[in-house]
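With the hints as a guide, bring both chains together as one complex.
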Amino acid sequence: MFDNLTEKLQRVFKNLRGEGKLTAENMEAALREIRVALLEADVHFRVVKQFLEAVRQKAMGEEVLTALSPSQQVVKIVHEELVRLLGSQHSRLRFSNDPPSVMLLVGLQGSGKTTTAGKLARYLSQTGHRPLVVSVDVYRPAARQQLSVIARQIGVPIWEGEPGASDPVELARQARREATQTGRDVVLVDTAGRLHIDEELMAELERLKQALSPVEILFVADAMTGQDAVKSAEEFHRRLGITGVILTKMDGDARGGAALSIRQVTGQPLKFIGVGEKFDALEPFHPERAASRILGMGDVLSFIEKVEQAVDRKRAEEIERKLLEDEFTLEDFRDQLKQLKKMGPLESILKLMPGIGPFKGLKDVAIDDKQITRVVAIIDSMTPKERANHTIINGSRRRRIARGSGTTVQEVNQVLKQYAQMRKMMKSLTSGSLARRLGTFRLPGL
Amino acid sequence: MIQTLFGTVPQEPGLLERLKVGVQKTRAGLVARLEEALAGKKEIDADLLEELEHTLIAADVGVATTSGILEQIRQRAERRSLGDAQQLRELIRQGLLEVLRAAERPLPRVAEPPAVVLVVGVNGSGKTTTIGKLAHRHKSEGRSVLLAAADTFRAAAIEQLEIWGQRTASPVIRHKPGADPSAVLFDALQAAKARRMDYVIVDTAGRLHTKSNLMAELEKMRRTAARVVPGAPHEVLLVMDATTGQNGLEQARRFTEAAGVTGLVLTKLDGTAKGGIVIAIARELNLPIRYVGVGEQPEDLLPFDPEQFLRSLFE
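Just so you know, the sequences run in chain order A and B.
Numbered according to the working numbering, the first sequence spans residues 1 to 446.
Numbered according to the working numbering, the second sequence spans residues 447 to 761.
Same shape as in the complex, but just chain B (with noise of 0.2 angstroms):
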């Protein structure tokens, strides 16, 4: 049975107006600012480029990034001779879709389910709440969850992810805190493949990207994984905080490096952050963002789209 990863996404009603709800606050300050700096102006000067510089940069996009996309448009604007704001804020638009764009990658196929998702990050970017969203999701989609409780490291860990099962109503299977995260899974497959579920979504304890003995563990986790399970982890979620500044890219890299990322997760984009990181992450390293999180209940978790995702940042 072919089964894709995520499966379509329903559009239920709200979901779109939940994402702006979410990031409205990011397209409060983003507008006022472009607005602010296009307030007046007819041409594009160094001035007006100066400012929107500063918006991008204020939503931590960061230097390098920034300065790569407003060359380009800046060459744009020179062939088009480029009048307006609403001109200029299309042509802004219309590059960052494309890096979003450029890094999007399909859902990987499962050739015999359970699919595997390794969800892996640094410290407090918020792993275990966002895979209590993701049972969610996948549970009021009818397929089944299986928890894996491999962060054996940090207190009160693996009693977090049990109450996420018992609100998402899915078995959990754990070791005592301490216990080697591998093998934690070793047995989260084994019985996930026994009990025939459509997926396993493992919990891995927060590390820094530096500490490259933790990094190692996470490869030693793919290793198991792809033991029990052929093809897996077919999908590892780097789950990263809005808040994050310009070190976001470097864990991004590491991360990739050690554990294979094949996606992002965008939490806490409910607050002020803007999460622009992302972009240079897409542009760098041609990463996907699979989920924003976007508040604390179970279903804050929606499916990125880059589209309608800079359409509410810029309408």
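If we strip away everything but chain A, and leave its shape as in the complex, we get (with noise of 0.2 angstroms):
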């Protein structure tokens, strides 16, 4: 949907005269294509603007870099200047000296505050802390509930308080008393959504805040938010002190430019994003990656990371050396399998990675993780001599490969050619270490 900004920027160089050096003129022109990025990816347009004088006067005063097309140059600038706005790194949760540490969640209706609640505390747990968790959410139907189902699934104390409890404040203060009394150093609080300009509720916080002296409250925002994330940040900014931001679903595929607008309008760090509907799915907020999404340059750092923590580097360089000396099984062809799906949901996966070169199209392809566990029991069903050597696989052995695995002859062949055709294209694969690696993580099929 969105084109990369650098193939924006491409052809706004190549369009005017004088290409290859970076001029005022042509610089108008890619701060408009910078613009549009910008605002397409949701950014506030005082912000935007604000950031386009900022590159405008950076752009200017630097040395052109003989090593980079104009094109490339303006993007770094553009890169650098976001990355330094959305803070240079990682920013981390602080916990009080005097425990507990409260800790408020509040923001919009439907931001996620429950679900963020519940994947922070399980975050909170493994980096051993103590949580104990409490809904102060009185208005919404069965949303305390929904918090206790979360706890017992991560397995996280939470205090519930009365059923038919009104007061959050109270509520909130029971949880308090009860961390206290058993030892837990952290209490979480989730609290109802809320319009920022909802004066009763507003106040509400007030109160909560005054009560608890909460060491962090953390404004949970929608990645999907529009122009208006700035001033419900504003207003929540200005009434309680926020102390950080968690984004959350972003593992859907808005660019996220409400990220800089919050940060901007508060000057507080994004300290999580959110990224899935399981508990694990939170991870710290990069910089240089959003800036990177919001540019829609791909997220190449994550995914580079991700496929390093899941491959077990020594191994990888066995699978090379076997591609490269022919010895490439259908024992390794399901080990790659089972690596990759060690990696997450293949669709975040695939989301992380530049929508240009080799990975054109990729995104939208359809992949069913069920499609893998299938390739992989039918290489289950083989046995080891026909894992080592693919040839001798006739007829009869399909049938039975085909039974053992609950599928089909068909589908046999399939994995079967899809084999040969791996191995065939990474005997082609020469140069390039990253090229290899991904191309060994190549799915059949694709």
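Hints in this document: simulated from the structure, not taken from any laboratory.
Treat the numbers as computed from the prediction; the structure is a model and nothing was measured.
Idealized CB from N, CA, C, for every residue including glycine.
Heads up, some of the hints might be wrong.
Distance condition first, Cα-Cα at most 27 angstroms in a straight line; then the derived BS3-like pairs of lysine-lysine [to be verified]:
| hint | chain 1 | residue 1 | chain 2 | residue 2 |
| --- | --- | --- | --- | --- |
| 1 | A | Lys278 | B | Lys585 |
| 2 | A | Lys338 | B | Lys622 |
| 3 | A | Lys278 | B | Lys657 |
Covered stretches of chain B (chain A as the covering partner; in silico rule of three or more C-beta atoms under 8 angstroms from a C-beta of chain A) [said to hold, decoys possible]:
| hint | region |
| --- | --- |
| 4 | 506-517 |
| 5 | 540-548 |
| 6 | 592-606 |
| 7 | 684-690 |
Taking CB as the label site, the calculated pair distances span [to be verified]:
| hint | chain 1 | residue 1 | chain 2 | residue 2 | range |
| --- | --- | --- | --- | --- | --- |
| 8 | A | Arg403 | B | Glu587 | 55 to 61 angstroms |
| 9 | B | Ala615 | A | Glu234 | 40 to 46 angstroms |
| 10 | A | Glu80 | B | Asn732 | 26 to 32 angstroms |
| 11 | B | Arg673 | A | Ser96 | 56 to 62 angstroms |
| 12 | B | Glu544 | A | Glu234 | 30 to 36 angstroms |
| 13 | B | Glu730 | A | Ala54 | 31 to 37 angstroms |
| 14 | A | Arg403 | B | Asn732 | 46 to 52 angstroms |
| 15 | B | Gln521 | A | Ala54 | 33 to 39 angstroms |
| 16 | A | Pro284 | B | Ala640 | 31 to 37 angstroms |
| 17 | B | Glu587 | A | Asn413 | 56 to 62 angstroms |
| 18 | A | Lys76 | B | Pro552 | 49 to 55 angstroms |
| 19 | B | Glu496 | A | Arg152 | 52 to 58 angstroms |
Encoded structure:
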């Protein structure tokens, strides 16, 4: 849907005379493209204006780098400036010296506070803390029940309070008392979603803040938010003095320009992003990656990191050697698929890739994780001998494999064909270690 | 018996008032900035159009749609040698109205009840609340409603719908958490047929439009519905939060592909968000906006009337 900004800028510079040089004239055209890119990414238009001014000045003062084309150079400046504004590094949670540390989750309805509370509680437990959660949403039907279910799922204690409780401040106080008595060091308070212009409910948050002296007030915002992000964030910050931002639903394809807007109007750091519905789908916010995403440049860094996390380096080298020496067996093929699955849902992986070059069109490919499971099952149903040498797999062996894996002979044939194609393709890949490594993860049938 | 899906809307007193209150903030912003943009200016110059562009972009209408509309106005302005702010405003209003009008489509007819309404959308857009309000609306028009708790994924989603069922005195068909949504739908439709209900409103789990397996689940639900009730689902409502930015267009596109969306519900319009993305959606995908949500009370769901909506914006 969105053109890559680099591509657009390349076009701009190509269409202008004096290509190859950054001039005041072609800079204006470039800035117009950047403006559109940022607006399409939902960055607030005033923030865009300030941003472009900063970029213009920086670009004018910049020495022309011979190593980069003008478009690359502009993108570099824009990217660096975005990263600078988004915060130069990942910002951590703060804790009180006098536990329990109270953390409030606040935000509009439907931004994802309750799910985030679950994710954050899980994250805290895993990083050596002992969180207690409490929902003080006495308004939305079944809101408190929702957090109870989540707390049970992740194995974190919850202060349930009276079913008919109607005073959020009292509920939170009870939870803090409970935490003190049971030795919990963090109290995560999930508040009701509210509009920033709802005087009554905003006053309620102020009372919560006063009663609990929270060490963190985290503003939970939907990554899909448009221009209004500025108004709600500004108002929550004015009333409460938020200390950080969590951007949710980043597993979608929204470019998340709201991150920049919110950061600009509150000056507070983005601390985490939500990237899925499972409770481990919470990641530290990386300004670098967010900047690339806002610019529609794909998130190459995240992708590379994910690959590196999932891949056993030694094993990867061995595969490379095998590929080169034509010893890549069905067993290796299966290992590759298993590693691919370890990286998480395939869609979230594919989304990280830029929509250019060898990855073009890959984003829209619908991939079923189950399909991999099926392929693995088929290979599992082979004998070690068959896995080592696929040429011995004749008709009757194929029938046996299909029966054993609960698939059809056609599917078995398909897998064998894909495996053969992959071997062929691998052999033709010659240079570039990343390309080679990515190549080994290429999914059958793509 | 021929039944119109959503019937005619009774002109209850205070409807216009409530709509006005709902969009007042929107109006305040848009009008204020329009006036500001036009103050002391007799002619339409580049600056003025740029400021108008900002006004539309700030409402999340989007760059492409805004440029399209402003280009149209630029041309008309040339032809008519437009002079003042009033005329310009009227032109913009007309431009927006044409977009929304072109996307209007009649309510589907239901040959044989129950009318099946599938409610879909991304996480946190306000589906369950909208269903509660929709049930309230139909009930107050004397129709019977059955709710299907086909969001079997989110924690306590079933309980949330049950509370709305109690509030509106509508039966709720539910399974256990984690059950197959299509199975819930199947049972709900069977029950609705047996009990001769007028409406079945189906709650679905929130899902991001990029998750192809979850989108495929919606396709399956459509097929299930059609098997039990011919012609179902009669209406597929995409619920969208008014704060949604440019991603809303892609949302609408993907949900329409997978679930055959027939209309939009724009929620949370009682905040400061403008919901301008629906104009882009109407323009690109020809999807009508059926309802707007303007609060948390059962009666805070209003039929969307483009003319009324824009009049409230520009008056």
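Taken at face value, is the distance from the CA of B:Lys622 to the CA of A:Lys338 at most 27 angstroms?
Distance ~32 angstroms between A:Lys338 and B:Lys622 Cα, so the pair is violated.
Given a hint of 31 to 37 angstroms, does the C-beta separation of B:Glu730 and A:Ala54 actually sit inside it?
holds (33 angstroms)
Whether the CB-CB distance between A:Lys76 and B:Pro552 falls inside 49 to 55 angstroms
Once the Cβ atoms are compared, 53 angstroms apart, the range 49 to 55 angstroms for B:Pro552 and A:Lys76 holds.
Against the range 40 to 46 angstroms, how does the distance between the Cβ atoms of B:Ala615 and A:Glu234 compare: consistent or not?
holds (42 angstroms)
Status of the given 26 to 32 angstroms range, CB of B:Asn732 versus CB of A:Glu80
violated (42 angstroms)
May I ask you to test the hint 46 to 52 angstroms on the CB atoms belonging to A:Arg403 and B:Asn732?
holds (50 angstroms)
Is it true that the C-beta distance of B:Glu587 to A:Asn413 lies inside 56 to 62 angstroms, as the hint says?
Distance hint for B:Glu587, A:Asn413 holds at roughly 59 angstroms.
Claimed coverage, the region 592-606 of chain B by chain A - three or more beta carbons nearer than 8 angstroms
holds (count 7)
Has the region 684-690 of chain B got at least three residues whose CB is nearer than 8 angstroms to a CB belonging to chain A?
Held - the region 684-690 of chain B has 4 residues with a Cβ nearer than 8 angstroms to chain A, which meets the minimum of three.
If you draw a straight line from the CA of A:Lys278 to the CA of B:Lys585, is it 27 angstroms or shorter?
Judged against 27 angstroms, a Cα distance of about 37 angstroms means the pair is violated.
The hint says 31 to 37 angstroms between A:Pro284 and B:Ala640; measuring C-beta to C-beta, is that right?
violated (53 angstroms)
Return holds or violated for the Cβ distance of B:Glu496 and A:Arg152 against the range 52 to 58 angstroms.
holds (55 angstroms)
Going through the hint list in order, the structure does not satisfy hints 1, 2, 5, 10, 16.
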